[in-house]
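In the order they appear, the protein sequences are chains A and B. All residue numbers for the first sequence refer to this note's numbering, where the first residue is 1 and numbers rise by one. All residue numbers for the second sequence refer to this note's numbering, where the first residue is 1 and numbers rise by one.
FYI, nobody ran anything at the bench for these hints, they're computed from the structure. Please note that the accuracy of each hint is not assured.
Claimed, not checked - Short, incomplete list of chain B residues facing chain A, as computed with Cβ under 10 Å:
hint : residue
1    : G97
2    : Q120
3    : D189
4    : L443
Note that the structure is a prediction, hence the values are computed from the model and not measured. Note that beta-carbon positions come from the ideal geometry of N, C-alpha and C, so glycine has one too.
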Amino acid sequence: MRTNERTRPEAAAPPRRTGPDGRRLQPAGEALVALVVGLLVWTFIEAPRLKEAAEVAPFGARRTAALVVLTPVAAVSEAMGLGALTRAAESALGSRQGDLAAPEPPEPLPTITGPPANPERRVAGPFRDPRPGNRLRVVVAGDSLAIGLARTIGAGLDPDLVRVVNQARLATGLARSDAFDWPAEVARIAEQFRPDLIVVMIGSNDAQSIVQQGRRPIPTATIEWVRAYRQEVNELITAATSRGARVAWVGLPTMQEPFRRQWARRLNEHYRLGVRANEGAIYVDTFEPFSRPDGSYAAYVRDPRGEVIQVREPDGVHFTYRGYQIVSDLLFDRLREVWDLPREVLVQRRR
Amino acid sequence: MLFPTTDFAIFFAVVFLAHWLLNPFRTRWKVFMILASYVFYAWWDWHLVWLLSVVTVLGQTGALLVARQEGERARRVALTVAVTATLAPLLWFKYYGFLSLNLENLFGAFGASSLLPLMQFVLPVGISFYTFMAVSYVVDVYRGDLEPGPWLDFFVYLSFFPHLVAGPIVRGGELLPQFRRARDPRRLDLAGNAYLILGGLFKKVVISSYLAATIVDPVFGDPARFGAIDVLFAIYAYAIVIYADFSGYTDIAIGVAGLLGFRFPQNFDRPYTARSVQDFWRRWHMTLSRWLRDYLYIPLGGSRKGERRTYINLMITMVLGGLWHGAGWTFLAWGALHGAGLAYDHWRTSKRAVAGLDPLPDDPRSVLLQRVATFHFVCLGWVFFRAESFGVAFRVLGRLLFGWTVGPALVGPVLLLVIAGSLLMQYLPHHPARHLQVAFSRLRPWAQGVGIALGLAAITTLGPQGVAPFIYFQF
Chain A
1 MRTNERTRPE AAAPPRRTGP DGRRLQPAGE ALVALVVGLL VWTFIEAPRL
51 KEAAEVAPFG ARRTAALVVL TPVAAVSEAM GLGALTRAAE SALGSRQGDL
101 AAPEPPEPLP TITGPPANPE RRVAGPFRDP RPGNRLRVVV AGDSLAIGLA
151 RTIGAGLDPD LVRVVNQARL ATGLARSDAF DWPAEVARIA EQFRPDLIVV
201 MIGSNDAQSI VQQGRRPIPT ATIEWVRAYR QEVNELITAA TSRGARVAWV
251 GLPTMQEPFR RQWARRLNEH YRLGVRANEG AIYVDTFEPF SRPDGSYAAY
301 VRDPRGEVIQ VREPDGVHFT YRGYQIVSDL LFDRLREVWD LPREVLVQRR
351 R
Chain B
1 MLFPTTDFAI FFAVVFLAHW LLNPFRTRWK VFMILASYVF YAWWDWHLVW
51 LLSVVTVLGQ TGALLVARQE GERARRVALT VAVTATLAPL LWFKYYGFLS
101 LNLENLFGAF GASSLLPLMQ FVLPVGISFY TFMAVSYVVD VYRGDLEPGP
151 WLDFFVYLSF FPHLVAGPIV RGGELLPQFR RARDPRRLDL AGNAYLILGG
201 LFKKVVISSY LAATIVDPVF GDPARFGAID VLFAIYAYAI VIYADFSGYT
251 DIAIGVAGLL GFRFPQNFDR PYTARSVQDF WRRWHMTLSR WLRDYLYIPL
301 GGSRKGERRT YINLMITMVL GGLWHGAGWT FLAWGALHGA GLAYDHWRTS
351 KRAVAGLDPL PDDPRSVLLQ RVATFHFVCL GWVFFRAESF GVAFRVLGRL
401 LFGWTVGPAL VGPVLLLVIA GSLLMQYLPH HPARHLQVAF SRLRPWAQGV
451 GIALGLAAIT TLGPQGVAPF IYFQF
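Make the full structure from the sequences, and use the hints.
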């Protein structure tokens with residue numbers, strides 16, 4: 001039989017209409033109708049949320065096409081009250097808060113009561129002495145790189161003397177304040193939790209146009225982009241330091257992909273400048289420590305004992321746990337050097 | 001392309017229509033399905049499409065080479081060459097980094113260097129699955145269980161998108177015959193397959209994501225912060241997470257293939273009701289465990305070469321099975337633990353057989369104890385499977401043993417309900433929603449569509465924002 005010959009379906013006898021469990025077996029045409037109706041109705045129900053997700057996506061043809069389709073559908077869905085219904089259901093189930101498109105942070109932020117932070121207080125000089133009843137308060141903020149870093153910072157500090165709260169959020173950055181406004185969030189964190197220190201590691205999602213609230217997108221490779229990004233960096237740092245919190249800005253490491261590596265190098269310059277312009281902020285470099293002597297990307301490094309360890313994940317962006325431990329150590333060294341972080345808050349790391 | 005995404009929903013709607021239109025025209029159908037499957041794979045990372053083609057060419061070339069040899073010796077040599085070549089990409093991408101790192105440290109302990117360059121590769125999605133399928137095809141041809149199929153058929157077999165990135169590991173003898181004839185468009189089990197897909201999405205998007213975010217990730221991320229109760233339930237929760245994640249994906253794969261008229265083998269059968277480690281492996285990732293049995297354990301000699309050799313074969317099989325899951329010492333340890341468990345089962349069965357007893361006592365109390373013991377043994381293995389390092393694994397176990405003075409911070413009524421409910425579901429009959437499925441199948445198509453939409457909306461409402469990849473995606 002030639003393979004391009006039209007073949008008949010397997011059963012020659014009249015088809016059974018009922019499967020072995022009593023379910024009605026259906027022709028493919030009916031299944032297609034069901035699938036298409038299902039997809040269309042689901043899109044209609046979810047259109048407001050899908051539109052919100054499309055709005056915060058990187059600019060491009062895909063985003064434009066999605067918005068062209070979803071904007072009118074979402075409008076009809078909202079007019080029929082479906083959008084409010086799904087939001088109410090989500091709130092009741094606790095699966096989503098507010099209108100933020102960004103995922104929730106890994107843990108809730110406690111509220112510290114007391115007199116308001118004194119904006120005149122200089123956030124310089126040594127850290128206050130921590131005590132079990134009055135621990136140092138540290139917040140980790142940023143994107144997915146910061147999520148990993150928060151784990152090793154927490155593991156590296158004595159929980160009796162330091163409280164570390166992870167407020168990093170996946171898929172966020174400084175470029176899209178329409179999706180998530182980090183300066184405003186840092187202000188909120190500083191007001192609510194009064195941290196002594198906010199560790200920031202961010203930027204891996206910022207290789208895109210900048211959108212600031214109420215303004216048109218600013219394309220990359222323009223002087224306006226540079227100004228706007230530096231403004232975001234300054235606003236974030238100021239949001240913290242004006243409310244009594246120091247900022248330790250952990251720079252981006254080198255990346256495996258050349259495009260990303262170039263972006264990381266450029267963004268780090270903006271972070272350095274922002275830190276330099278703000279008393280109460282320091283910069284922690286991770287680009288050079290994780291590069292080879294010739295400047296190329298290194299997934300493996302030799303630890304002080306001479307053992308080769310893997311420090312980067314195969315995605316060429318994130319660190320392994322051992323890698324994050326090294327980043328934490330770099331941070332702790334800088335904090336001790338500049339702000340005399342007490343030695344007793346550091347946990348002796350066992351291998 | 002991930003299953004639980006709008007991209008896939010649109011992709012599948014288009015593929016479904018085109019599939020049934022082209023169904024009577026086998027060659028055109030095969031070409032279309034290969035293209036669609038490669039688009040599916042390229043959506044993840046188009047740079048890796050060439051790798052799928054390379055493994056396909058190696059597998060088919062190897063099978064043809066084996067089939068053309070005369071004489072057993074020549075066939076064996078051809079088989080060795082073919083299997084080695086087919087495994088080579090997997091070994092390179094998945095294990096070179098691990099091997100070079102450990103060799104460098106081994107030589108370094110003696111003040112030398114292994115001279116192997118330290119390189120790291122992005123692990124291509126699905127490579128472990130389609131490589132194993134290609135190897136099984138070559139071996140089946142060698143054994144005479146299968147004739148080499150046409151090139152087009154083999155390309156479809158290996159790239160068929162429902163199973164491409166995370167299984168099930170389907171044999172050539174199970175799938176190739178289904179590609180040769182047009183599928184029957186008059187008798188689709190929409191209700192059954194829609195139930196599988198929605199159920200799989202619920203397990204993955206709701207159950208697995210909730211437990212991972214609520215307790216598993218926090219505890220395994222920093223065990224020292226938590227007490228024994230949180231750690232204990234984090235381990236139980238991870239047992240549910242990995243089951244829900246993987247079986248959820250498999251259910252979706254089976255359901256999607258079913259809507260195209262193809263039958264995939266079952267991959268999970270209520271694994272946490274197992275009464276022994278041996279029973280567990282008859283219920284967990286069934287297509288992998290039978291692959292390990294047929295293409296590793298039995299060729300090593302199985303249980304035919306005496307007790308001692310049987311234990312060695314079990315350990316080798318399970319250690320390699322552990323390494324299949326990941327290039328790391330913790331995966332090796334997980335495999336070794338299960339190898340030890342299987343060896344113990346074998347020893348106990350032998351002893352009981354000598355005494356004229358059944359392999360396992362059947363009284364209700366014994367069955368309950370067997371299930372509880374087996375479940376906890378499997379959970380112990382999951383600690384090593386989930387932990388990033390031995391250090392993290394032992395910290396978790398350490399907190400479990402010595403953290404009873406610290407109260408729970410994460411365990412609450414909802415969490416307990418989800419864990420208990422998920423475990424109890426394992427004890428329900430095979431088709432708990434049978435009546436619902438029958439009623440659904442009797443609805444008009446438009447009403448079925450509304451039902452599907454409401455099911456999807458419920459899942460997206462209950463689930464977290466964003467889509468986490470399936471655990472087994474990087475295997």
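Outcome of the hint check:
The criterion of a C-beta within 10 Å of any C-beta in chain A is met by G97/B, whose closest approach is roughly 7 Å, and the hint holds. Restraint check, Q120/B versus chain A: the minimum CB separation of about 4 Å is within 10 Å; hint holds. Of the supplied interface hints, the one on D189/B holds, with its beta-carbon coming within about 5 Å of a beta-carbon of chain A, less than 10 Å. Restraint check, L443/B versus chain A: the minimum CB separation of about 9 Å is within 10 Å; hint holds.
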